[in-house]
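Each chain is listed here by its residues.
Protein chains: 2
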Amino acid sequence: MRDGPIAILGGTGDQGLGLALRFCAAGRDVAIGSRTLERAVAAAEEVRKQVPGAKVAGLENGDATARAGVVILSVPFEHTAGTLKAIRERLAPGQIVVSMGVPLASAVGDAASRMIGVWQGSCAELVAALVPDGVHVVSAFQNVSAHRLQHLADPVECDVVVSGEKEPRARVIGLCALVPGLRGIDGGPLANARIVESITALLIGLNIRYRVSEGIGVRFTGVPLP
Amino acid sequence: MRDGPIAILGGTGDQGLGLALRFCAAGRDVAIGSRTLERAVAAAEEVRKQVPGAKVAGLENGDATARAGVVILSVPFEHTAGTLKAIRERLAPGQIVVSMGVPLASAVGDAASRMIGVWQGSCAELVAALVPDGVHVVSAFQNVSAHRLQHLADPVECDVVVSGEKEPRARVIGLCALVPGLRGIDGGPLANARIVESITALLIGLNIRYRVSEGIGVRFTGVPLP
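Top to bottom, those sequences are chains A and B.
Per my numbering, the very first residue in the first sequence carries number 15; after that it's consecutive.
Per my numbering, the very first residue in the second sequence carries number 15; after that it's consecutive.
One should not assume that every hint holds.
Where chains are identical, the list cannot tell them apart; a pair therefore holds if satisfied intra-copy or between any two copies.
Taking lysine to any residue pairs in the SDA-like style, the calculated list, with each CA pair at most 20 Å apart, reads [as the list claims (entries may be wrong)]:
1) K180 <-> Y224
2) K180 <-> R225
3) K180 <-> I222
4) K99 <-> G83
5) K180 <-> N221
6) K180 <-> R223
7) K180 <-> V237
8) K180 <-> I218
9) K99 <-> R49
These are computed hints drawn from the structure, not numbers from a lab.
Every value quoted in this text rests on a predicted model; they were computed, and no experiment measured them.
Make the full structure from the sequences, and use the hints.
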């Protein structure tokens, strides 16, 4: 596996920006990627404003990808395949691509509290079908509230189920530990993303019914963790 | 909706027996149902041993159903349709049937940490397709550890996502409150059982990877509840 900054593609969106803020606050090197350089640069500026001394750059998606060890895909589900096809040539063996997309039915104009079916089984498995050989795909971060990520003063209070091959999975579990209140949970094989992604739709429904604009999270009880 | 005891069909199994113990400990009237009267009577005897003064009867499934207000289906997924067809004539409008089955792949000889697809979308929706008109179907209790239910000395520490029509759903949320540590969560429409049922497969995988024989549970953070 490769070293280098954490690239966050779609890092100008709410959830991507939240992760960028948190990883920068933990002292990590972050490359915010966007389709347009200007938006990426503006998002990096925003991060530096909130996290003085942040090591963050705003780059076009391909350039952010090329220098990263871990590439987090934080784009709406319907842009997943297009984004991957655009950066495919910039990915290299040993890199980890983190899928955090969820096939919410809002992608086809229906409600975000429902899912659409993905032929490959999940967004993460779609991503795995599109990356070059030797690139590891890990599923994580789907259920973390953007609002809570961006609110740096408070811990996030959410478990992150991380699934994929063993070693890349362990590395992404390590990234979770950088964010106060976030706990990485060993989610086993990548296909479990089918379940984890659907939990997001459930949480969106709960947010609506309980009127929790900050976002409801999930914790697993009885997990023997440090 | 109807009053009467809580019937637990398949109440001789681990999870059904656990619920029977807990509801009896809370002073509720319980009818344990089984395909064979002898096994139901033995399970009721076991409950009375652990909960002195328990109001519990052991009955054949149909007889347990006929007198109940709420009928909890606690049979392995592969016996769901068969059990329902056998008791269909004993169900009456106003009763609530609670589906707690999960279409685990173990039903077809594969692993319990994976799911099989159900044409109707979920076990709960299969149940809804099989009950007579006027019988309400609610999905609940899938993710509650049998071991923790049976260990009466400790609270269960698990949220129960309850989905289905509004009024029956509220009634089942009320049942959750009878069990220390169990919290009923408003899970919206019945189709959300698709997500909630699959969480069971995820928890089974977590139990294996983390070697937690008592069973890992789930909690939602940030839910504004009493």
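Violations among the numbered hints, reported as their numbers in ascending order: none
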